[in-house]
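Note that the protein sequences, when read in sequence, are chains B and P. Everything in the first sequence is counted per our numbering, starting at 1 for the first residue and increasing by one. Everything in the second sequence is counted per our numbering, starting at 1 for the first residue and increasing by one.
In short, the hints are calculated from the structure, not lab data. If you're wondering where the values come from, they're calculated on a predicted model, not measured in any experiment. Incorrect hints may have been included.
[Unchecked claim] Straight-line alpha carbon distances no greater than 30 Å define the calculated BS3-like cross-link-like pairs of lysine-lysine that follow:
| # | chain 1 | residue 1 | chain 2 | residue 2 |
| --- | --- | --- | --- | --- |
| 1 | P | K448 | B | K159 |
| 2 | B | K365 | P | K448 |
| 3 | B | K159 | P | K358 |
| 4 | P | K345 | P | K314 |
| 5 | P | K26 | B | K485 |
| 6 | B | K485 | P | K358 |
| 7 | P | K361 | B | K159 |
| 8 | P | K53 | B | K248 |
| 9 | P | K127 | B | K248 |
| 10 | P | K99 | B | K248 |
| 11 | B | K159 | P | K127 |
| 12 | P | K448 | B | K451 |
| 13 | B | K485 | P | K53 |
| 14 | B | K485 | P | K66 |
| 15 | P | K110 | B | K248 |
| 16 | P | K358 | B | K2 |
| 17 | P | K426 | B | K485 |
| 18 | P | K99 | B | K485 |
| 19 | P | K66 | B | K5 |
| 20 | P | K193 | B | K248 |
| 21 | B | K485 | P | K141 |
| 22 | P | K345 | B | K5 |
| 23 | P | K440 | B | K248 |
| 24 | P | K426 | B | K248 |
| 25 | P | K67 | B | K485 |
| 26 | B | K485 | P | K107 |
| 27 | P | K426 | B | K159 |
| 28 | P | K250 | P | K391 |
| 29 | B | K99 | B | K45 |
| 30 | B | K365 | P | K67 |
| 31 | P | K391 | B | K451 |
| 32 | P | K358 | B | K248 |
| 33 | P | K196 | B | K485 |
| 34 | B | K159 | P | K26 |
| 35 | B | K365 | P | K53 |
| 36 | B | K451 | P | K440 |
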Amino acid sequence: MKIIKHTGLVIFLLGLTLFTGTIFTGNFSFTQQELDNYITEKGYKNEVIKEELSKAIVTTESLNIFQFSKKARNAFANANNHYDKLIAKYDAEKNWDKKGEQYQYKINGKPHTLSYEIAKKAGSGFVRENAGLLWFLTFGLGIIGALLFIIPNLVLLGKPGIKNDGIYLESATNRGWIAWLVLVYLVTFYLVLYFMADYAVNWTFILDPISKALNGGPASQWFVYGFLYCTIMLTMGVRMFIKYRHNKYQIVRTISVLFFQIVFAFLIPEIMTSLNMPGYDFKNAFPLDYDFFFDWNIESLKSSGGIGIFILVWGIVLTLIIVPVMVYFFGKRWYCSWVCGCGGLAETLGDPYRQHSNKSLNAWKLERWLIHSVLVFSLVMTLVTLYCYFSGTESLLGIKSQWIKDTYSFLIGAWFAGVIGTGFYPIFGNRVWCRFGCPLAAYLGLVQRFKSRFRITTNGGQCISCGNCSTYCEQGIDVRSYAQKGENIVRSSCVGCGVCSAVCPRGVLKLENGPEAGRINPTDVLLGNDVNLMDLVNNK
Amino acid sequence: MEHIVIIGNGISGVTAARHIRKNSDKRITIVSTETAYFFSRTALMYIYMGHMKFEHTQPYENWFWKKNKIELKQGFVSEVDTKNKVLQFSNKETLSFDKLIIATGSKPNKFGWPGQDLDGVMGMYHKQDLQNLEKFAPNNKACNRAVIVGGGLIGIELAEMLRSRNIPVTFLVRESSFWNGVLPAQESEMINKHIKDHHIDLRLGTNLKEIKADDKGRVKSIVIEETGEEIPCNVVGLTAGVSPNIDFLKSSNIELGRGVKVNRFLETNIPDIFAIGDCAEQHEAIGRRRNIEAVWYTGRMMGETLAQTICGNKTAYKPGHWFNSAKFLDIEYQTYGWVFSEKGKAENEIYFQWQHPKDYKCITISFDKNSRKFIGINTFGIRMRHEIFDKWLTENQSIEHVLEHLADANFDPEFYKLHEGEIVAKFNKENNTNIQSKKKSWKRIFSKA
């Protein structure tokens with residue numbers, strides 16, 4: 001069994017290496033004819049770009065993506081520079097008409113995005129021509145290797161039951177060098193994905209055939225991300241099924257997050273796209289879905305006919321009615337650990353790292369400041385955006401709509417949710433984003449804390465303060481501090497993953513939806529002692 | 001300001017300190033030799049197993065003590081001068097007190113076996129025992145086999161610990177079946193089976209004769225009393241129960257039995273000196289409890305109670321209904337009320353028992369055969385609600401009432417398979433009754449006794 005496991009690890013690492021290695025392969029260049037077609041297709045008015053690009057990328061030299069990207073970005077920069085100089089010149093001459101004319105020639109877009117768009121067409125090579133084979137060598141080997149690594153646990157972990165043996169003795173799960181290596185890999189991955197997508201264009205070639213089959217178009221970097229996300233969740237979901245096979249709550253919950261990720265977040269939007277509808281994730285609620293009220297989204301929905309209007313109404317109803325009502329009955333877990341995609345990744349890929357969330361009082365204070373600030377930020381941004389959209393102005397109270405949207409997307413959308421949220425799993429635990437950043441979680445948390453039937457019941461006086469519950473709480477709740485007082489856990493941040501209850505050796509904790517009366521029950525003297533003493537101390 | 005000194009920073013001493021602080025601004029000092037800060041002794045096993053680090057076993061952050069003005073002193077008390085109210089430390093320091101609380105817990109029993117003090121022989125009680133185990137049994141290369149002597153709760157935990165590092169374990173149990181002085185046969189036999197499932201070499205009805213040393217004074221093997229068989233091993237765990245840790249009091253005039261003798265108010269024979277937790281011995285047992293209760297929960301309760309007395313509200317130690325819990329490898333165990341083993345139960349007490357055909361789940365309900373009064377329940381592999389059973393015990397409910405409303409008591413996680421139907425059906429069949437299992441009711445669960 002151990003041999004199978006180790007073989008699996010080797011195969012997985014081989015797959016991962018090949019996957020990473022594909023980035024460095026391929027040739028990127030255009031013929032003059034291809035470039036002319038591309039520029040016509042793009043409809044660039046810029047008169048310099050053709051010359052710049054043909055100097056840069058019409059070549060017989062074999063360029064890899066990094067060389068290509070650099071040349072392409074330079075070409076765009078030079079082309080825009082030409083007009084920037086003219087603008088400066090006319091500005092100095094106070095020739096406002098001429099100055100104004102120049103802006104139409106400028107090419108908008110982030111350099112790496114412009115470069116990505118060309119690279120997507122200009123790439124050739126083994127990867128692109130053998131997408132099927134490459135899929136097997138990267139995704140295929142990754143999946144096979146991971147499963148070979150995971151499935152022997154059925155035997156190796158022994159009898160069903162909580163098996164956290166060795167977690168703090170192993171480098172990968174105890175913040176050792178393996179954990180740091182994984183952190184570096186994940187952070188780099190997200191930086192490439194969000195900010196340097198052109199570098200990952202070879203990955204999109206691998207998935208082009210699958211993308212075409214699903215939505216009719218070639219794969220974008222977001223398709224790669226979505227596909228990878230589902231693959232990882234499914235594979236690590238298998239691990240969850242084995243690890244928690246004695247615990248039906250965990251099994252059902254894992255099936256649920258996998259279902260919502262694969263069907264709602266991935267398949268339905270892809271199929272909608274293939275039917276010429278706006279691709280929409282019906283479970284992604286505002287304000288986690290922070291660009292739902294962005295002008296381009298509203299415009300796109302409005303122009304999509306009946307389905308667009310339905311989505312618009314659904315999105316509003318989801319946030320204002322469905323979400324809080326469900327939280328009232330079931331707690332925020334119905335979303336955060338049963339439905340949400342971020343939660344889904346945290347509960348599968350992130351499960352081995354759940355013990356790293358900080359349980360200190362200071363971390364709790366930071367959490368409350370940070371998450372509620374992000375909530376306010378997202379609401380202000382949306383208000384500004386909507387006001388500007390309906391009034392046709394560019395700013396509200398001096399806050400520019402475009403600026404606040406860009407800032408939020410960059411700081412919260414990309415850095416907090418992606419790079420930090422997932423990249424830091426191995427060191428800071430799997431719920432960094434959900435705990436400190438997610439504005440939807442903040443909103444659900446407020447409802448859960450003040451108006452909900454959900455609580456984690458503490459079983460009388462049975463707690464022995466061992467600390468397993470607190471250690472394995474991914475949200476950094478010091479569960480024990482409540483349990484050892486015989487007090488139920490009612491915390492806004494609890495996502496109801498159920499692991500505290502699972503790891504408790506004495507059957508002290510149970511996630512329940514019950515009457516609101518008696519939900520919060522502070523006690524000093526615990527059940528089991530003199531009843532008169534309990535009355536005296538607890539009913540003061 | 002009155003100075004309260006507590007010797008021992010376990011659950012009893014710390015609970016007392018916390019409650020004294022809640023009710024007063026007296027000066028409080030906790031003395032401990034073992035560790036600087038309070039930790040959960042019951043969690044020591046999880047550190048070796050890699051589930052947690054030592055810091056995770058500390059229920060309070062380190063700033064807690066200063067913030068609550070609870071002074072912590074590390075040192076070993078060698079003598080208590082009751083006349084001058086002064087503690088003598090082994091390093092000649094002294095500390096005077098106005099009131100003294102002795103909460104020094106237990107130490108592992110040693111029964112004079114030859115070789116019991118060799119290197120590689122250890123109990124599993126103190127933090128130092130854990131360090132010792134880490135030294136002598138870091139993995140199965142350094143430790144080819146460990147022998148555990150004594151079949152109680154600590155013994156099976158030590159076996160689980162060693163197995164988590166794939167160290168072969170031989171488990172010597174004096175009784176004919178695991179813990180059958182406490183558990184009914186059904187449960188004891190189920191645990192025997194489960195122990196063997198975990199590839200532990202369980203030897204029932206087996207006693208230790210001696211522990212043999214190699215030429216470096218380290219454990220080499222043990223010899224079994226009954227058969228004379230010699231088993232090579234590198235580590236011997238002595239887990240044949242615990243006894244009060246009170247040797248340092250022998251020179252004082254505090255009355256000692258097996259533990260520190262106390263009355264119902266947890267007072268010793270010397271005014272202003274009290275004892276709580278594992279080390280306290282009641283002059284007369286409370287109800288069906290033992291005179292010395294070496295249990296986490298009772299330690300906590302004594303701490304809660306004594307704090308009242310110290311703060312001027314003189315309160316007797318009057319624990320409510322008995323409850324306890326443990327975990328045997330993968331099987332969780334809870335008990336509410338009294339269930340004695342076949343040997344220990346009274347003549348009027350009879351069992352109703354149910355066992356799952358495949359899984360490791362079973363219950364034993366003890367009830368009065370004449371009055372049908374419910375006396376207690378042992379539950380294995382099914383979690384039950386403490387509040388509900390406590391209420392039923394207070395209300396003197398019948399066995400029929402308990403079975404009818406058993407669903408109210410279930411505390412398993414959501415979606416777990418429920419067994420009330422099968423349990424009640426078995427009872428009906430055996431007793432010719434027609435009890436109908438009622439659905440869970442929040443209203444009943446929350447109604448007070």
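Hint check results:
Only pairs whose Cα atoms come within 30 Å are accepted, and K448 (chain P) paired with K159 (chain B) is rejected, the gap being roughly 39 Å. As the CA atoms of K365 (chain B) and K448 (chain P) are separated by approximately 36 Å, the hinted pair breaks the 30 Å bound. Between K159 (chain B) and K358 (chain P) the alpha-carbon distance is near 13 Å, which keeps this suggested pair within the 30 Å criterion. The hinted pair formed by K345 (chain P) and K314 (chain P) fails the criterion: a straight-line CA distance of about 35 Å is larger than 30 Å.
Straight-line distance between C-alpha atoms of K26 (chain P) and K485 (chain B) comes to about 23 Å, which keeps the hinted pair within the 30 Å bound. Between K485 (chain B) and K358 (chain P), the direct Cα distance comes to roughly 36 Å. Violation of the 30 Å bound is thereby established for this hinted pair. For the suggested pair K361 (chain P) and K159 (chain B), the alpha carbons sit about 14 Å apart, so the restraint of at most 30 Å is met. For the hint pairing K53 (chain P) with K248 (chain B), the CA-to-CA distance comes to about 28 Å; that is within 30 Å, so the pair holds.
Between K127 (chain P) and K248 (chain B) the CA atoms are separated by roughly 35 Å; this puts the pair beyond 30 Å, and the hint is violated. Under the criterion of a C-alpha separation no larger than 30 Å, the hint pairing K99 (chain P) with K248 (chain B) is inconsistent with the structure, at around 52 Å. Proposed proximity of K159 (chain B) and K127 (chain P) is supported: the alpha carbons are some 29 Å apart, at most 30 Å. Distance hint between K448 (chain P) and K451 (chain B) is fulfilled; the C-alpha atoms sit about 24 Å from each other, no more than 30 Å.
Distance hint between K485 (chain B) and K53 (chain P) is fulfilled; the C-alpha atoms sit about 22 Å from each other, no more than 30 Å. In summary, the hint linking K485 (chain B) to K66 (chain P) is supported, as the alpha carbons are separated by about 21 Å, within the 30 Å threshold. Among the hinted pairs, K110 (chain P) with K248 (chain B) is inconsistent with the structure: their alpha-carbon atoms are about 44 Å apart, more than 30 Å. At roughly 28 Å between alpha-carbon atoms, K358 (chain P) and K2 (chain B) fall within 30 Å of each other, so this suggested pair holds.
Taken as a hint, the K426 (chain P) and K485 (chain B) pair is broken in the structure, with Cα atoms around 37 Å apart against an allowance of 30 Å. This hinted pair checks out: K99 (chain P) and K485 (chain B) have alpha carbons roughly 26 Å apart, not beyond 30 Å. For the proposed pair K66 (chain P) and K5 (chain B), the alpha carbon gap of about 49 Å is over 30 Å, so the pair is violated. A distance of roughly 24 Å separates the Cα atoms of K193 (chain P) and K248 (chain B); the hinted pair therefore holds under the 30 Å criterion.
For the hint linking K485 (chain B) to K141 (chain P), the alpha-carbon distance of about 43 Å lies beyond 30 Å, and the restraint is violated. Our distance criterion of 30 Å between C-alpha atoms is broken by K345 (chain P) and K5 (chain B), whose separation comes to about 51 Å. The straight-line distance between the Cα atoms of K440 (chain P) and K248 (chain B) is roughly 19 Å, inside the 30 Å bound, and the hint therefore holds. As the CA atoms of K426 (chain P) and K248 (chain B) are separated by approximately 25 Å, the hinted pair is consistent with the 30 Å bound.
Restraint check for K67 (chain P) and K485 (chain B): satisfied, since their Cα atoms lie roughly 19 Å apart, inside the 30 Å limit. A distance of roughly 27 Å separates the Cα atoms of K485 (chain B) and K107 (chain P); the hinted pair therefore holds under the 30 Å criterion. Taking the CA atoms of K426 (chain P) and K159 (chain B), the gap is about 28 Å. The hint holds against a cut of 30 Å. In summary, the hint linking K250 (chain P) to K391 (chain P) is not supported, as the alpha carbons are separated by about 43 Å, beyond the 30 Å threshold.
Among the hinted pairs, K99 (chain B) with K45 (chain B) is consistent with the structure: their alpha-carbon atoms are about 16 Å apart, no more than 30 Å. Distance check on the hinted pair: K365 (chain B) and K67 (chain P) sit about 17 Å apart at the alpha-carbon level, within 30 Å; holds. In summary, the hint linking K391 (chain P) to K451 (chain B) is supported, as the alpha carbons are separated by about 29 Å, within the 30 Å threshold. Proximity of K358 (chain P) to K248 (chain B) is assessed by CA-CA distance (about 17 Å); at most 30 Å being required, the pair is judged to hold.
This hinted pair does not check out: K196 (chain P) and K485 (chain B) have alpha carbons roughly 37 Å apart, beyond 30 Å. With a CA separation close to 51 Å, the supplied pair K159 (chain B) and K26 (chain P) exceeds the 30 Å bound. For the hint pairing K365 (chain B) with K53 (chain P), the CA-to-CA distance comes to about 24 Å; that is within 30 Å, so the pair holds. Distance hint between K451 (chain B) and K440 (chain P) is fulfilled; the C-alpha atoms sit about 23 Å from each other, no more than 30 Å.
Checked against the numbered hints given earlier, the structure breaks hints 1, 2, 4, 6, 9, 10, 15, 17, 19, 21, 22, 28, 33 and 34 and satisfies all the rest.
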